[in-house]
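Q: Top to bottom, those sequences are chains B and X. For the first sequence, the working numbering gives the first residue as 884, with consecutive numbering after it. For the second sequence, the working numbering gives the first residue as -18, with consecutive numbering after it.
If you're looking for bench data, these hints aren't it; they were derived computationally from the structure. Any given hint could turn out to be false.
[Said to hold, decoys possible] A few chain X residues that face chain B, going by a derived Cβ cut-off under 10 Å, partial list only:
#1 E95
#2 D96
#3 G99
#4 F130
#5 T132
#6 L133
#7 A255
[Unchecked claim] Distance condition first, Cα-Cα at most 27 Å in a straight line; then the derived BS3-like pairs of lysine-lysine:
#8 X/K200 - B/K984
#9 X/K287 - B/K1283
#10 B/K1012 - B/K1033
#11 B/K1283 - B/K1249
#12 X/K57 - B/K1098
#13 B/K1224 - B/K1194
#14 B/K1199 - B/K911
#15 B/K1043 - B/K1249
#16 X/K57 - B/K1288
#17 B/K1192 - B/K911
#18 B/K1142 - B/K1034
#19 B/K1057 - B/K1034
Each residue gets a CB set at the ideal place from its N, CA and C atoms; glycine is no exception.
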Amino acid sequence: MGKKFLAALIVGTATAAALLHSGSAWAKETVRVRVAEYSTKTGPFFQGLAEKFNAANPDIEVKIEHLPWPEMQQQLVSDISAGTAPDISHMATRWMAGFAKDGALAPIEGLMSPGFADTFVPTYLDLQKQGDHTWGLPIAASVRGLFYNKKLLEQAGIAKPPATWDEAFEAAKKIDALGDGVYGIGVQGRDLDTEGYWFYSLWTHGGAILGPDGKSGFASPEAVTATNNYLRMIKANVTQPGVTGSSREDLQNLFAAGKMGMVLSGPWFNAQLAEQGKDVEYGISRIPVATTEATYGVTDTIAVLESSKVKPQAMKFLEFIFNKENRLEFGKLEGFVPVLKAESTEPFFTENPKMSVFLEMGSMAKFAPLFPRWEEMADGLKTELSRIYSGEVSAEEGLKQAAAKMDAILAEEE
Amino acid sequence: MPGIEKTAPRRAASAGRSSKLGLPGPAFALILIAPCLLLSVAVIGYPIFDVIRMSLFDVSRTGVVREFAGLANFAKAFADPVFLQAARQTVIWTVCVVGGTLLVSVPIALILNEDFYGRTIARTIVLLPWAISLAMTAVVWRYVVNGDFGTLNMTLAALGLPFENYPWLADARMAFLIEILIGILVSVPFTVTILLGGLTSIPESLYEASAIDGAASTKSFYYITLPLLWPFMQIALVLNVIYVFNSFPIIWIMTNGGPANRTDILITYVYKQAFAFGKLGNAAAGSMVMFAILLVFALVYLFLTKSQGARNDD
């Protein structure tokens, strides 16, 4: 009896062990996916995709975590260092270079199915490449345009949206003169994308972030002219008061309240205006030009982490996210420009004047460089822009400081 | 207070009895608290150890500790003008918030110590800011001081003052001043609570005696209230310094350290270094500097409370 029992026990244990061991054949592989929220709809959208994907792939279970943007960077850094990072993570493309350099990301060119890379608009996928590797996929792309309040322009006697910066300045003066707490044009001076707002002017004046000598272009003559372009508007009081205290949201709120004639922003602003600015009749035109047509292009990246043990499964889910049907749904939901070639011809983008202008400008988009320490360089620039806009230092002086800081970081990196 | 007089001797008596019974003293006590002590060391000690380690090594942005760097991280921090600027601003921030808090709290505590109709309601109102999270307070104030949509400007404009769209947070000095005022507002409840405790401990008989001797109320304030309240003010001062010195949410939410780093304090500087720039080594070095400063204040606090206890034992 005792022996039998022992034998049974041994067999039982062995079977259990064998089951556990070969468990991977039946058990699901879990893929943890972390996305950042562009809006309250982002989380549920990806949740829905995961459910569909899980139903079609019984051997994989995708779990979605969604976080607000401001928490993403800190959470990702903490999780990677603690070894608890997800398998797939969303991030700003400008953080990607740093993570890739530190070996936190997995190169995906070997994981992608043949032909998958060719479905992307090359500009946006190229931005995800560094060295000889592709470090992620462009989950969102945007370019910027000039939002103008049709009614205010009409009241100020302006027939069509300004095409040049000089015209924009004149228009801003006329709109601001309408009084009643209305401002001509918005200039951003704090928080996320302050440097981006400056790039609009920099690039359209023929400037560049990196000069031909491989050094900072922040203090080039074009950059100084570009800065003075905003300064003349600030000095003439045709911007909102307190530029150094205004974030992107502050400007957008003013425009949505019908208190601002013109503001430079991206396609996501359409969504905000649809909810909060129903009374504002607006149009979108290209960024005003001085010498060169340009706009600021930004992408966000979704990447597979090096620590992931289920990289092929993770890639399979990524390819699912990036099929035409799902991307189109996402684009319509959040208002981003198409990153897939197949999306670009959809009527939603081509026939809607509030989207088509962004599509047109896609070809002239310029991007921030992918330096691992770009955040620091941009922060140095932001600080100096603050000092310049508040009149504390001249454009030449402030930009020289910002360029010096960028060059010092570039030199340290080499 | 009869309650205190009654319990104190009983405690002494029971302590005496247990030692007579021959129970092991300090060693046994140590064994009893050992689990707690170990847990504390693990929970408090490990992060400190890790920060020290990171401050002395080259650390990648994902926390991978690379080669030993000696004091290079500290040297980099002290060579960064923004770090020094943040350090200066931390001193201004701490001195102004703590000093202002004490200046405001003493009169409030004196008033709340008086017996008047509705005192309980007044006390509750003073304590209210304590009940709201710091982050929420900061968010609300950011809206209040918003130039175009804020209620502050709306109120001022309604009073006929020229503040229709004054941008309060655009000017660094004004922004810092507002943050300091909010810092004071949220530090008052805690300070008033400590001072009220101090005031109730001053025996009424002292005032009666001085009144019989013909002392004016200002005199009894200077010669009775202030000296007897002083130890409590010291403790409120030191604890507030520790809290305010690395108070993060108000500044982070209202100005993010800007414009042009003018409202950055060490804690916001360290946060940016770590999570925006990925320079964990520099951030750890900055944290160590803060830790050293706070350690001094913690020791001062220990010393104060200890001498306080000793005085009470006399």
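Q: Does each hint hold? Answer for all of them.
A: Results of checking the hints against the structure:
1. For the restraint placing X/E95 at the interface with chain B, the shortest Cβ-Cβ distance is roughly 42 Å, beyond the 10 Å limit, so the hint is violated.
2. Because the smallest distance between the Cβ of X/D96 and any Cβ of chain B comes to about 46 Å, over 10 Å, the interface hint for this residue is violated.
3. Annotation: interface hint on X/G99 violated; nearest CB of chain B at approximately 40 Å, more than 10 Å.
4. Using the Cβ-Cβ criterion of 10 Å, the hint placing X/F130 at the interface with chain B is satisfied: the shortest such distance is roughly 7 Å.
5. Interface restraint check: X/T132 against chain B, minimum CB-CB distance 15 Å, threshold 10 Å, status violated.
6. Annotation: X/L133 was flagged as interfacial toward chain B, and the flag is violated, the nearest CB pair being 13 Å apart, outside 10 Å.
7. Given hint, X/A255 at the interface with chain B, holds; its Cβ is 7 Å from that chain's nearest Cβ, closer than 10 Å.
8. Distance hint between X/K200 and B/K984 is unfulfilled; the C-alpha atoms sit about 70 Å from each other, more than 27 Å.
9. Between X/K287 and B/K1283, the direct Cα distance comes to roughly 55 Å. Violation of the 27 Å bound is thereby established for this hinted pair.
10. Note on B/K1012 and B/K1033: the hinted pairing is violated, with a Cα-Cα distance of about 41 Å set against a maximum of 27 Å.
11. Under the criterion of a C-alpha separation no larger than 27 Å, the hint pairing B/K1283 with B/K1249 is consistent with the structure, at around 22 Å.
12. A C-alpha spacing of about 23 Å is found between X/K57 and B/K1098, which places the hinted pair at or below 27 Å, so the restraint holds.
13. Taking the CA atoms of B/K1224 and B/K1194, the gap is about 26 Å. The hint holds against a cut of 27 Å.
14. Pair hint B/K1199 plus B/K911 holds up; C-alpha atoms about 14 Å apart against a cutoff of 27 Å.
15. Simply put, B/K1043 and B/K1249 have alpha-carbon atoms about 26 Å apart, close enough for the 27 Å limit, and the pair holds.
16. Among the hinted pairs, X/K57 with B/K1288 is consistent with the structure: their alpha-carbon atoms are about 14 Å apart, no more than 27 Å.
17. Distance restraint check for B/K1192 and B/K911: the Cα-Cα separation of roughly 13 Å lies within the 27 Å cut-off, and the hinted pair is therefore satisfied.
18. For the hint linking B/K1142 to B/K1034, the alpha-carbon distance of about 11 Å falls within 27 Å, and the restraint holds.
19. Between the alpha carbons of B/K1057 and B/K1034 the distance comes to roughly 13 Å, so the proposed pair stays at or under 27 Å and holds.
Taken one by one, the earlier hints fail for this structure at numbers 1, 2, 3, 5, 6, 8, 9, 10, listed in ascending order.
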